[in-house]
Amino acid sequence: MSTEAGSLPTRARSPLPGRPATETNLADILERVLDKGIVIAGDIQINLLDIELLTIKLRLIVASIDKAKEMGIDWWENDSFLKRGRNGNELEGRLRRLEQAAGIEQGRDEE
Amino acid sequence: VIASDTDTAWYVYGVVPADVDAASFAAAEGVGAGRVELVATGGLAAIVGRVPLDEFGEEPLRRNLESRDWLEATARAHDRVLAEALGRTPLVPLRFGTVYRSQDGVRGMLDERATELREAIERLRGRVELGVKAFLVAPEQEEGAAPSSGREYLLRKQEARATAKSTQTEALESVRALHERLASLADDARVNPPQQPELSGRHETMLLNGAYLVGAELQPAFAAAVDDYGDERLELVVTGPWPPYNFVEREEPS
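Protein chains in written order, with my numbering: chain C, 1 to 111; chain P, 1001 to 1254.
Warning: the hint list may mix true and false statements.
Said to hold, decoys possible - Straight-line alpha carbon distances no greater than 20 Å define the calculated EDC-like cross-link-like pairs of lysine to aspartate or glutamate that follow: (1) Lys67(C) <-> Glu1198(P); (2) Lys1165(P) <-> Glu1235(P); (3) Lys1165(P) <-> Asp66(C); (4) Lys1165(P) <-> Glu1232(P); (5) Lys67(C) <-> Glu1204(P); (6) Lys67(C) <-> Glu1170(P).
Said to hold, decoys possible - Pairwise CB distance ranges, derived in the manner of DEER restraints: (7) Asp1187(P) <-> Val39(C): 21 to 27 Å; (8) Met71(C) <-> Asp1019(P): 47 to 53 Å; (9) Ala1221(P) <-> Glu70(C): 34 to 40 Å; (10) Arg1181(P) <-> Asp43(C): 43 to 49 Å; (11) Ala1026(P) <-> Glu70(C): 48 to 54 Å; (12) Met71(C) <-> Asp1007(P): 31 to 37 Å; (13) Asp43(C) <-> Glu1029(P): 19 to 25 Å; (14) Gly72(C) <-> Ala1022(P): 46 to 52 Å.
Worth flagging that the hints you see were computed from the coordinates, not collected in a lab.
Note that beta-carbon positions come from the ideal geometry of N, C-alpha and C, so glycine has one too.
Given only the sequences and the hints, what does the whole structure look like? Please build it.
Rendered as structure tokens:
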């Protein structure tokens, strides 16, 4: 299949006709560019997981997984059809290791 | 002002086939408002931009990442460059923050990862990522007469909670059916954890945060499938087209 220059809709246009285009949501961008995309170690070593802000972000994601479980909206986790890619347990494990390393107490179970 | 090589490094956005027309991203403003160019070897090209080491060196980068404003501006620039290239070329998006000291370093990476990158380019050729989020729309609150007693007040509260719970259970079934329908139109699909209101800026409960790898020509059909999904309990939001961030193989740093 060939793709001609300009043949695809650009981001500025909503893919849904009749719906207004809005500025791309920061959450949509952050969850993609910080967490997805191919990982290649460059010359400058940064560990995104060491970053405090990222820790906060991960905490939010994990919190949302806990909340999702509580509310019964973690259906994809029990569905082998959907269980591709990364899931909450992996992320949670990473956060736990990070928190242990940082000596941060777990506060989420108290809720 | 041309910065010297020792003061600058090369930020890598993504990888494309080397025969792509570089003029197609000339308009994109990269991170740090920098210009974007291609570094090619062996049929592959990296989309790169020169960045100052006093901003992207190890220590400055660590500091900058703590700044929400810097992170937002830079993350948006990363996406903007790739979005500019999307639709003009097959493309493998890199995760945020890949920096090389020299263009030779970038070429070395392209050579080393050539097989994997070529495979990904072919798999993603002619495809884009679309995002679909489903929010649970709160039903209209019926304004009844004021409760005549504390007991009635509590009963009503209990009833309202039960209704909300069953509404959500039904809505979840609906969302699942929606996802299956959309996944059947897509070449690949991912369900990500719902976004927190702090990040999404939406207070409604997010029941679906899906990503779909869709043939570019199928975008209208995909959008129509979302539009035609008549469920008043759900507000559906389509985002994209995105570079296929969710559909490149991950390599966990060990």
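Here is what the structure says about each hint:
1. In summary, the hint linking Lys67(C) to Glu1198(P) is supported, as the alpha carbons are separated by about 14 Å, within the 20 Å threshold.
2. Between Lys1165(P) and Glu1235(P) the alpha-carbon distance is near 18 Å, which keeps this suggested pair within the 20 Å criterion.
3. Of the supplied pair hints, the one linking Lys1165(P) and Asp66(C) holds, its CA atoms being roughly 17 Å apart against a limit of 20 Å.
4. In summary, the hint linking Lys1165(P) to Glu1232(P) is supported, as the alpha carbons are separated by about 16 Å, within the 20 Å threshold.
5. Restraint check for Lys67(C) and Glu1204(P): the C-alpha separation of about 13 Å stays at or below 20 Å, so the hint holds.
6. Straight-line distance between C-alpha atoms of Lys67(C) and Glu1170(P) comes to about 18 Å, which keeps the hinted pair within the 20 Å bound.
7. Hint check: Asp1187(P) to Val39(C), Cβ distance near 22 Å, so the stated range 21 to 27 Å holds.
8. At about 49 Å, the CB distance of Met71(C) to Asp1019(P) agrees with the hint of 47 to 53 Å.
9. Judged by the Cβ atoms, the range 34 to 40 Å given for Ala1221(P) and Glu70(C) holds: they are separated by roughly 36 Å.
10. Checked against the hint of 43 to 49 Å, the pair Arg1181(P) and Asp43(C) passes, with Cβ atoms roughly 45 Å apart.
11. Checked against the hint of 48 to 54 Å, the C-beta distance between Ala1026(P) and Glu70(C) comes to roughly 49 Å, which is consistent with it.
12. For Met71(C) and Asp1007(P), the hinted distance range of 31 to 37 Å is not satisfied, since their beta carbons lie about 51 Å from each other.
13. Checking the proposed 19 to 25 Å range against Asp43(C) and Glu1029(P) shows it holds: the Cβ atoms sit about 24 Å from each other.
14. Between Gly72(C) and Ala1022(P) the beta carbons are some 50 Å apart, a value that agrees with the proposed interval 46 to 52 Å.
In summary, the structure is inconsistent with hint 12 from the numbered list given earlier, while agreeing with all the others.
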